[in-house]
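S.K.: Spelled out, the chains give:
Protein chains: 2
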Amino acid sequence: MPMEEGRSRVVIEGVAPEIDCGRYPIKRVVGDKIGVEADVFTDGHDSLSCVLLYRPAGADRWTKTAMAALVNDRWRGEFRVTELGEYQYTLEAWVDRFKTWRRDFAKRVDAGQDVAVDLLIGADLIEATIERAGADAPQLTRFGDLLRSGGHEALQAAQSDELTDLMSRHAGRLFVTKYKRELGVWVDRMKARFSTWYEFFPRSFGTDGQHGTFKDAEETLPYVARMGFDVLYLPPIHPIGRSFRKGRNNTAAAGPGDPGSPWAIGAEEGGHKAIHPQLGTLDDFRRLVDRARQHGIEIGTDIAFQCSPDHPYVKEHPEWFRRRPDGTIQYAENPPKNYQDIYPFDFETEHWHELWEELLSIVRYWIDQGIRIFRVDNPHTKPFPFWEWLIGEVRRDYPETIFLAEAFTRPKVMYRLAKLGFSQSYNYFPWRNTKSELMAYFTELTRTEVGEFFGANLWPNTPDILPEALQIGGRPTFMARLILAATLGASYGIYGPAYELCVNQPLEIGREEYRDSEKYEIKQWDLNRPDSLSSLIARVNAIRHENPALQSNADLRFLHTDNEEIIAYTKIADDQSNQILTVVNLDPHYVQSGWLDLPLEDLKLDPRHPYQLHDLLSDNRYLWQGPRGYVELNPRTVPAHIFRIRRKVRTEQDFDYYL
Amino acid sequence: MPMEEGRSRVVIEGVAPEIDCGRYPIKRVVGDKIGVEADVFTDGHDSLSCVLLYRPAGADRWTKTAMAALVNDRWRGEFRVTELGEYQYTLEAWVDRFKTWRRDFAKRVDAGQDVAVDLLIGADLIEATIERAGADAPQLTRFGDLLRSGGHEALQAAQSDELTDLMSRHAGRLFVTKYKRELGVWVDRMKARFSTWYEFFPRSFGTDGQHGTFKDAEETLPYVARMGFDVLYLPPIHPIGRSFRKGRNNTAAAGPGDPGSPWAIGAEEGGHKAIHPQLGTLDDFRRLVDRARQHGIEIGTDIAFQCSPDHPYVKEHPEWFRRRPDGTIQYAENPPKNYQDIYPFDFETEHWHELWEELLSIVRYWIDQGIRIFRVDNPHTKPFPFWEWLIGEVRRDYPETIFLAEAFTRPKVMYRLAKLGFSQSYNYFPWRNTKSELMAYFTELTRTEVGEFFGANLWPNTPDILPEALQIGGRPTFMARLILAATLGASYGIYGPAYELCVNQPLEIGREEYRDSEKYEIKQWDLNRPDSLSSLIARVNAIRHENPALQSNADLRFLHTDNEEIIAYTKIADDQSNQILTVVNLDPHYVQSGWLDLPLEDLKLDPRHPYQLHDLLSDNRYLWQGPRGYVELNPRTVPAHIFRIRRKVRTEQDFDYYL
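So the sequences go chain by chain: A and B.
Here our numbering runs 75 ahead of the position in the first sequence, where the first position is 1.
Here our numbering runs 75 ahead of the position in the second sequence, where the first position is 1.
Among the hints, erroneous ones may be present.
Where chains are identical, the list cannot tell them apart; a pair therefore holds if satisfied intra-copy or between any two copies.
Pairs of lysine-lysine, BS3-like flavour, derived with a Cα cap of 27 Å [said to hold, decoys possible]:
| # | residue 1 | residue 2 |
| --- | --- | --- |
| 1 | Lys174 | Lys487 |
| 2 | Lys182 | Lys255 |
| 3 | Lys174 | Lys412 |
| 4 | Lys266 | Lys487 |
| 5 | Lys723 | Lys139 |
| 6 | Lys255 | Lys679 |
| 7 | Lys487 | Lys182 |
| 8 | Lys174 | Lys290 |
| 9 | Lys266 | Lys390 |
| 10 | Lys139 | Lys290 |
For the record, the hints were derived by calculation from the structure and aren't laboratory data.
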């Protein structure tokens, strides 16, 4: 005989969202409404009540909100998260005797049956409720007496909304079933979802080919701000190792003037908490952070947990590295390739506790300098438990911190990093180019469970990746890929000025590295070149800021088009006030045209009235009616429309009669 | 800093099968091979090893078997269950340093690199293994010395299969990750999956309209056995209540000669442990059970946990029933309908412990009489925790017991009952008639997670259900629905002789109850009517017994046909030795013909050679080649083919050159 209560008859199962049986929280941003569904049912025909419970993690009390039955034993409730940090939610349900009685009573009355005994049963249920009804007790007593009195007044009282409300307020919750897990929500700030990133190498902004400084970077802020970026991510700003330093185009031996890769961290001058002397001082850096903020830009820095052979750790903490039988330290390798300029940490060292604490102290150090956005280099080559711990530790004190995972790796590894805490992640966007590739991938990212925890940040290029499509397609593809990134993803970023200047020469044919990559040399950029895409980028980013639909991925839907080179999709703001339809010609060579099918019902468009498509890129307007419309896009001008859909709201021929 | 080992770097997730986070076991039968898959991965590029652990529940030791990597970080392993009862399985994985070293070593050798230091690293790994290598220690010592010697012999030794095997056998399992759940398998006997049921009312087999007895039922056993049924299920055999007894056609007042419904259990003569005096004695019943066994038939009885007002429990245990304010006992109701002849138990009574124990004692009583198959009436009107407990208690001592849930209820309720222990369940088959309905429903039952726990038992009719399709379609539909049930379901049953005699008069148009239902009166059946379907049924059941493909639902696949009235599907035996293709004309009125597409690859058929379709119903043979074939079926003769697919195995024109 089970010791537990055998009379808890309600089942709660199939709760969604729920990631890996509650092992990980779902992710949301402050202000989000969270819909929770579950299968809730019992034996027999009794009526149920079901509540959703939620609270900021650690709060003493749950807030409860009623759930409503949908169809097929599915129930739904909602709550809103209003603070940064962790929330919890769970469910409770019970057989509701009064609700059951009330429903059956109505059926009996409708069938003209004698309900004398039923009135007494109802009165008993009321009586059992009185003791916990507080101020409502007298009212309930009155109802109880009425029901016992029988007659016409009793019938009315039994079926009154007031009695139903009172009984629901003080419901018995007899033999309540509590869902066996408390599920988590991690609540980020809005920027974790909606952010527009620009990456540049400060050292390339010096005058006359000199090594650029933080002060030079300050001068570049207005340019970045004009384009509408709100995160400026800097590659590592630390001293660069000299041993085995890489030369131009990643050659094994650096020339005397070669600056080295910023990711070869650590030299005599210091390690992960030091600043490269040629960039400036810590004060210069803090000033850059402040100035950026004045331009509406947040500086993000790089966390690359690896060392050059010259890093102070190598001497101070040899126990954090793996030693080879010949006494040398194990360098990075991906056999048969060897990377002698990089020493990875040995996360299997007996001293892993100390190593973890030191790495955390690096993040804390930069937090103390005002940084709250970190782009993490290759997180998939360090243990998952380490990241889960580190991000947890940081966020306990600084829940506003955003971590972007540079996890260009296998899908399950990428998703695991997102589950354990990374707010955003690089992803396969650079290699999803055709219509079917894009539709399949973004359906996976936004319309499956992945959307509950994975925050995609779309980069059409990075210093490491010049995708084949950009090499081949040139300027039309640079435009198209930027618009795709900016409209498919609430977060996206570019590595510039290489992007806006359409740099597309690979190291060699068949490779995706840049020729004369900025990773290994100091570049000079002509930001004012007339063919720069900076104005288009500024326009696109302004559209993103003005249209809430583009600030989330929750409601991305692809439309059918009859041309394989034309992709079209809608995004709709939560409150339906803003609807964006993006149409892109993926072909960099030819004008493409075709018909697309609009889901009028989803868009709440009346098939009997025309609606307006306002192209926010060109400012042209089109009048459509019904579900099909014609588009034609020339890749040489602008290969896309970003339409705001405007519904007619007045019948008069006013000037602005569309909303 | 977490207290747990931060160096356990491997992740195990996405384990399948796993029902509701391991809350419920999957189900299999003795002899089954169970395939287990999981996502297993770690950070970086290290090689993994992964093992599947399994044991009969409660055994001290796990048996371990290696899992193999598929693609995309998915791993798979298998084990076989050989005993009745519960098994457990779980997984372990670890970063395998030697495997990693071995893989990288080969790459370095291929690239012509200096591997002197790598040989020393390998030797160190071997040395660390020696202490746990037992009898293999000297062998490993020899390998270690060889590797340290350097030179050509060392290269060969390092890459030898012998060394790989030795190191794998004594693998370090450093920082092993154990999957956090132990998952269950409930292993039934084969009959839980593959069973052929016949239901009849013994009282209708008396001579000259007398109330039939168990002795009369004995006489009928050869008839049932000839048709090939292996379970004979009897409606309740207990004394029938007199108060509020229902008359013919479910009328409220019974006439003096009306026998009452067997489901109104309990009278002066006794309750659930008593036998209806007119059926015979307990000895007669035990003799029927024995005789049936001699015919290869197992008797199944009914568990209907409800009481007539005359049941002894009502006086002896009034605390097990709910009392109304007027002092009467609450009868069954589904407002506005009232069922005064039935008292449900009050499972919310304070005395629920005693009630549960008593109900269990009823099952135990019939187990003592030799019964191991129970058809449970309306289990969805009693609490889920009760059934989980009761089935668990019974199976601890009698794991061979089979419970069939008569759960004609909502899908999630039906599935929950299956998860908590019912071996088989009634289901929506009676109301799935068109091709698209059948395909959608049986895809859900067999190709989703449902197949892991839900054992469908298909009944084209029951004493309560005469589906509209049978009323309308007559004899052709009786043939088609029987063949569908017998080939779509490894378990199926009919309520006879009403079925084989094609009884199809409803109580009234638009109702699914039988007119003059056997539930309320004693019938007389002419079993020898020339239009009886008994020969067809015998043929179909013989085919089921001879063809293993039809004894499981695991590999049901629907084929494309170009005619909406023709449904076609294959079943393939586990070892591929038996392949059955069933084709049914769903139209009772017209000859239908069409082309169907065979998946040659799944069937391992060579498109370059003909193959034979041997119709096991008609014994006709057809020679086909390639993926398309023509069928034509006349509903007036037999509306189906049950083809055994025979591949040509010899090139000579021998007599039996097909297998």
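S.K.: Please go over all the hints and tell whether each is borne out by the structure.
M.R.: Hint-by-hint comparison with the structure:
In this homomeric assembly, Lys174 and Lys487 come within 27 Å of each other (Cα to Cα) only across copies, at 22 Å, whereas the closest approach inside a single copy is 46 Å. For the homomeric pair Lys182 and Lys255, neither the shortest alpha-carbon distance inside one copy (35 Å) nor that between copies (50 Å) is at most 27 Å. Within a single copy, Lys174 and Lys412 get their C-alpha atoms only as close as 71 Å, which misses the 27 Å cut-off; across copies the closest is 18 Å, which meets it. Within a single copy, Lys266 and Lys487 get their C-alpha atoms as close as 25 Å, which meets the 27 Å cut-off; across copies the closest is 40 Å, which misses it.
In this assembly of identical chains, Lys723 and Lys139 lie within 27 Å of each other by CA distance neither inside one copy nor across copies; the values are 40 Å within and 68 Å between. With identical chains, the CA atoms of Lys255 and Lys679 are never at most 27 Å apart, being 40 Å at best within one copy and 47 Å at best between copies. Taking identical chains as interchangeable, the C-alpha atoms of Lys487 and Lys182 lie at most 27 Å apart only when they sit on different chains, with a minimum of 26 Å there against 54 Å within one chain. Proximity of Lys174 and Lys290 under a CA criterion of 27 Å is satisfied in neither setting, with 71 Å inside one chain copy and 51 Å between copies.
For a Cα distance limit of 27 Å, the shortest separation of Lys266 from Lys390 qualifies neither inside one copy, at 40 Å, nor across copies, at 71 Å. Taking the shortest Cα distances, Lys139 and Lys290 never come within 27 Å of each other, neither inside one copy (53 Å) nor across copies (63 Å).
Hint violations for this structure: numbers 2, 5, 6, 8, 9 and 10, all remaining hints satisfied.
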